[in-house]
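Peer 1: Sequence:
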Amino acid sequence: MASEFYVAEDGSIHRHPVTVVNNTGNRTNTYAPAPAVNTQARTAYRPIHQVSEGRKVWFWIISIIMSLLIAVGVTQGFGAEVYGSDGGFAATIGPFVVFIGALAGSILYGIFCAKSVDYNLWAYILSALSSVGGIIATGIAVAIVCFVVMILFYILIIGFVIAVICGIAGGS
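Quick note, the sequence shown lines up with residues 1 to 172 if you use full-length UniProt numbering.
Derived by calculation from the structure, the hints in this document are not laboratory data.
Idealized CB from N, CA, C, for every residue including glycine.
Please note: incorrect hints may appear among the correct ones.
Stated by the list, open to error - Here are the in silico distance ranges between beta carbons for each label pair: (1) Ile168 to Gln76: 51 to 59 Å; (2) Gln76 to Ile162: 45 to 53 Å; (3) Asp118 to Ile93: 32 to 40 Å; (4) Val57 to Trp122: 17 to 25 Å; (5) Ile162 to Ile62: 26 to 34 Å; (6) Ala91 to Ala169: 49 to 57 Å.
With the hints as constraints, model all of the structure from the sequences given.
Peer 2: Have a look at this one:
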């Protein structure tokens, strides 16, 4: 017996019962497969708005400018405290990480989420917040990469020390 289910509008799960007459004239209940559902069906009513190309272009221009301004503010305000000013590796790549993170956060929001709010005011606000999120995410990613490289460097040093000790102890 096939057990094909469907989900009703109230969220409950049901089988599709079908009454079948077999050759002997006895009636039995069996279950038929669920009918095909239109993939374009909309479960909730939300009008589809036509958004002009000009609105999209202005969203992208303003969104990228906002993300760059946020990156400049973060770099000027927190750059020396977070990355240091000694000219080391972190201080060198820190501003680039901030700018790349800000642009990535804003662009990813614009590509995947701005259409759902029809590029209105919320899209601008959330794009700016996504820039901050992108800065945080790339900062964490670079910190993790630097930490892993540092651990690998220490493992290499320890291995070299062990090799020297084994070489001296072996007499070679």
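Peer 1: Lying within 49 to 57 Å: is that true of the beta-carbon distance Ala91 to Ala169?
Peer 2: For Ala169 against Ala91, whose Cβ atoms are near 42 Å apart, the range 49 to 57 Å is violated.
Peer 1: Please check whether Gln76 and Ile162 have a Cβ separation lying inside 45 to 53 Å.
Peer 2: With Cβ atoms ~46 Å apart, the hint holds.
Peer 1: Given a hinted range of 17 to 25 Å, is it respected by the beta-carbon distance of Val57 and Trp122?
Peer 2: holds (18 Å)
Peer 1: Cβ-Cβ distance between Ile162 and Ile62: within 26 to 34 Å?
Peer 2: violated (58 Å)
Peer 1: I want to verify a distance hint. Is the separation of the beta carbons of Ile168 and Gln76 within 51 to 59 Å?
Peer 2: Once the Cβ atoms are compared, 53 Å apart, the range 51 to 59 Å for Gln76 and Ile168 holds.
Peer 1: Mind checking the hinted window 32 to 40 Å against the Cβ distance between Asp118 and Ile93?
Peer 2: Because 37 Å falls inside the window, the suggested range holds.
When held up to the earlier numbered hints, the structure conflicts with 5 and 6 and fits the remainder.
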